[in-house]
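Asks: Following the hints, put chains B and C in place on chain A, whose structure we already have.
Residue numbers (my numbering), protein chains in the order written: chain A, 1 to 335; chain B, 1 to 321; chain C, 1 to 231.
By construction, these hints were calculated from the structure, which means they are not laboratory data.
Heads up, a few of these hints could be off.
[As the list claims (entries may be wrong)] Pairwise CB distance ranges (calculated):
id : chain 1 : residue 1 : chain 2 : residue 2 : range
1  : B       : 185       : C       : 50        : 44 to 54 Å
2  : C       : 42        : B       : 95        : 43 to 53 Å
3  : B       : 81        : C       : 20        : 30 to 40 Å
4  : B       : 110       : C       : 43        : 49 to 59 Å
5  : B       : 198       : C       : 20        : 49 to 59 Å
Keep in mind it's a predicted model, so treat the numbers as computed, not measured.
Just so it is clear, CB atoms sit at the ideal spot from N, CA and C, and this is done for glycine as well.
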Amino acid sequence: MLFEINNLSKVYAGRKVLDIPELRLEKGKVYGLLGPNGSGKTTLLEILSFLLPPTTGEIVYGSRKVDFSEGFLQGLRREVVMVEQQPILFTTSVYKNVEFGLGVRGVPKERRKRIIYEVLDLVGMREFAEASAHKLSGGETQRVAIARALACSPKVILLDEPTSNVDIENQIAIEGILRDINIQKGIFVIFATHNTIQATKLSDHIVFLFNGRPASSVYENIFSGLISTDDNGKKYCSIHDKLKIAVRTNKTGYVKISVNPIMIKVLPARDARAGDHRLLGRVMQLIDEGDHVRALIDVGIPFSALLSQREYKHAPVMAGESVALFCPPESIEVV
Amino acid sequence: MLQVESSLNATDYGQLTTDLITMRRLSVFGLILSVAFMPLVVFGGDKVIKMSTTTSTQASGLLDALLPAFAKDIGIKVRVFAKGTGAAIRDGTDGNVDVIFVHAKAREEAFVAEGYGTKRYAVMHNDFVILGPPNDPAGIRGMKDAPGALRKIAVAEARFISRGDDSGTHTKEIDLWAAAGVPLVFKTTTLVKKGKKRQLTFKHPKGSGGWYLSIGQGMGKAITYADEKRAYTLADRGTYIKYKFGGKGGLDLEVLCEGDERLYNPYGVIPVNPGKHPHVKFDRADRFAQWLVSPRGQAVIANYKLLDRQLFYPDAIPDAR
Amino acid sequence: MDLLIDSLISAILLLKSLDAEVCAIVLVSLKVSSSSTLIASLIGIPAGFAIAFKEFRGKRMTITILNTLLALPTVVIGLFVYAFVSRRGIFGPLDLLYTQKAIVIGQVILIIPIVTTFTIAAISRIDERYRKSAMTLGATTLQTAGVVFREARFSIMAAVIASFGRVIAEVGISMMLGGNAKGFTRTMTTAMALEYDKGEFVLAVALGLILLTISFAVNLFFNYLQGRARA
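So that you can see chain A by itself, here it is in the shape it has in the complex:
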């Protein structure tokens, strides 16, 4: 286990932006940190890269319990490097930028050159070594920033939305780099993204973050719930005390239920009232996934619905719009 997080929270100006009861990140894997904008991805990455202390909670890194004193953190930062969403390069040459981490680690001058060209090769930026860093494009800057982080030979590299500000060509290049560094160098990679496809494509594990809380396997709509029966003998499953869904099952007590996203119908709210198979909510995000459009809907808990392109064109929904979800009985499965 590389990171163990317990009861971690971060409060900014009285607002809890991060609240993680428990999170385990295993060694050697690629983790995708997936979530809509404002879900706390950047904050979590900054805490994991030891740039930001949490308000409360405990982090165990390796086998060491993290003590958030500057001196201790400085030691940990030698192993964990973060690349920001819009990284900034120092006002000097590309070469000197990449050299920075080596300099602060006291790597002898004669060894630096080899390492610098190696990482520049890895990101395909060797010919830019002598260029002025501030003259690069967004994608080139991103690649140099990754090289600069890699030069430090970190055990962990954290990347915040590494492809959000780059063109498609650079996006493909960077995705390739991420895979390579994990496979070739055995570096543990954690990257944040709001792009489901990218997360699925690149990562071994996805951690979904929603309103500062991890929501496991949200894309399969799998929840833990409690079965209850009403006066009429109808069975319901209540999830986190926030939601009640009618289910057909013989099971009692705590169960896991899954709702097939492809079978969920999304209707404008004005056309529907809450009912046994209807849930009212608000569209948070729409993601084009090729054949389908994925709608992330807040019904008290995050719900994911897959609309076919035809379906979407026929009844388009917009982010922020109030909608009703119709979950037919056959879409719900009690595990």
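Replies: What follows is chains B and C alone, placed relative to chain A:
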């Protein structure tokens, strides 16, 4: 109107700020009024002349006795600019003032000879003294021979503070060094004036920057400077008395050499020549000069006492009382 | 106009003849001003860094006070230091009054607020990401400060130049604490004040022109340094 009056008086400024806090609105109104009327006060009133004089007449407090008496007798107010004799004479030469009242006889006579002044009236004299620290490292205490005392200071290389500001006192000091036979360094600067090259010569004993410190400041400053640095200096008696007995801190400096006739310090008053500067108020300036040498003016001078000590001796009517 | 033309020619004559007295005055000015600028920078720049970086109670108040001190008149500083170094003051036995050291003390007090506030402003303008990048790449606090300093160096250098300009052009402190002793504490500005008092306007203006020339030369030099650093 009360606001206006209080703000006009510089010493009442503190009062004004207090008022500003307690009576903000009224005071702001008053302030606006006072600013509006300020020019009237500064430029208003017909009977005013401007006079450049040496710092010694101002610092000794003599002018505070003379000018109100003159204003009362004749009804003319004198606006005073106190500076070094050189600058005061320069003011006269440039026609910046109507009259000068200084103490550098040779230069005053040159000023009249060049036509900048109409006439030099010998008004009074006081005397210079050589001051030094109580421990008197050069051993000049009680000497009457001023050049001799300076010679001993130079030989001992005891620290000496020179006005060095081209003032009457400075001129006197250089004359005394010359009389003492102390070798002087001539420092000549070439300047261009009115398109012509002109030499400006500055004399001082050897050792400038070392034991001899030429500070280029007024008399009071030179005295406190000498006191700070436990040094000797040449000072006029009036300023010395004021600083020694009038000041709150007191001085350690003592009079170590006095009474030599060569320490005699005559003051003259010269109206600026309207032939050179037609705008000067010659009539009033001349009335001021005449008044100074009149029995009334001479009596004011003779009776002026600072801390019970007579400072100035009338020269026009020596036995005036 | 005559005065200015005369002064200009006189200034050229003075410079051409390498007049010993003028040289001494210029040297004293440069020596004193550069010493105070150096000392104030050594104090003010780290202080500016500390204030800009650290979050502490009364930070805004500290900055407000520093901004107020920018308007501190030289005469007030002169009086204040005088009270300490005068023979009757607590540092009297050190015999500091009317020495170059006394001027330096006063001038350092004068420009520390300038250096500090300019440094704070310079650092606040630097993108927060520089600091984070340096930290995540493993830099120590000092190395991180070094990165921010490097990014802010032109603005900080501007602070130093402004301070130097302030002290070399300053007359109140030099006069009150230096005492204008010829060949020892006479600076360009006190010499000018003196020549004005003596009625030697030509010499005063000539010295003023020399002062401007020197300030210009100093600025050209720093400009050259900046140009080289940017290239």
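Asks: Each hint should be assessed against the structure and marked as holding or not.
Replies: Verification of the supplied hints:
no. : hint                       : result
1   : B:185 <-> C:50: 44 to 54 Å : holds, 51 Å
2   : C:42 <-> B:95: 43 to 53 Å  : holds, 52 Å
3   : B:81 <-> C:20: 30 to 40 Å  : holds, 33 Å
4   : B:110 <-> C:43: 49 to 59 Å : holds, 53 Å
5   : B:198 <-> C:20: 49 to 59 Å : violated, 19 Å
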